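Could you put together the complete structure from these sequences and hints?
The sequence shown begins at 16 in the numbering used here and counts up one residue at a time.
One should not assume that every hint holds.
Stated by the list, open to error - Cut-off 16 Å, straight-line C-alpha distance, at most; resulting in silico cross-link-like pairs (EDC-like, lysine to aspartate or glutamate):
(1) K110 to D62
(2) K126 to D84
(3) K88 to D62
(4) K135 to D96
(5) K64 to D47
(6) K138 to D96
(7) K110 to E72
(8) K143 to D62
(9) K88 to E60
(10) K143 to D111
As the list claims (entries may be wrong) - Derived DEER-like restraints, expressed as beta-carbon distance ranges:
(11) K135 to D36: 23 to 33 Å
(12) Q130 to S35: 14 to 24 Å
(13) Q132 to D62: 29 to 39 Å
(14) I59 to R82: 16 to 26 Å
(15) K51 to D111: 16 to 26 Å
(16) K128 to S55: 30 to 40 Å
(17) F112 to S68: 34 to 44 Å
(18) S61 to Q132: 31 to 41 Å
(19) H57 to K88: 17 to 27 Å
(20) E85 to S38: 14 to 24 Å
(21) S38 to F112: 17 to 27 Å
Bear in mind the hints are in silico, worked out from the structure with no lab data behind them. Computed from a prediction, not measured in an experiment: that's the story for all the values here. Glycine is no exception: its CB is placed at the ideal position from the N, C-alpha and C atoms.
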Amino acid sequence: MSIKSTVPKCDRVGIWLFHSDYSAMFSLMCVDEFGKRSTSAHLIESDYKNYFSHIVENDFLVACDARNDEVAKCFNHGYFDVHNIHSLLDVTFNKDFVPLGIICCERTGNKTKWQPQDIKTIKNIAVKASLFIGHNISDMYASKPQ
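Take a look at the structure:
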């Protein structure tokens, strides 16, 4: 079962890991609306300060209208426009209660209203990711140099 099959309005799914000092995060994997996989994209904290601050402090972001959302709109140029993203649902996963990375669900083409069940599903997946990723690859990636 995939995230895209359990959250029907999710077109793109990404798993992102923070650098140990939260100065950046990089894509461990992304699957787009066409099933194409990509890796290794980087987002630098200094370019997206509002987002990094919010997601680390709050553990999730629900942005149905991402391009006009106060936190998410920092991605309008260079990310949302490139990938045609209109809605965002992000949840952190943790190691020892410290944010390690993000599971990111994105809606392309048009906006969607994320449903309470979508949010609950992603939060449940994040708990499982915390267990798996936190114990298997976090030490290797958390300190990865840029």
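Hints violated by the structure (numbers, ascending): As far as the earlier hints go, 1, 4, 5, 6, 8, 12, 15 and 17 are violated by this structure, in ascending order.
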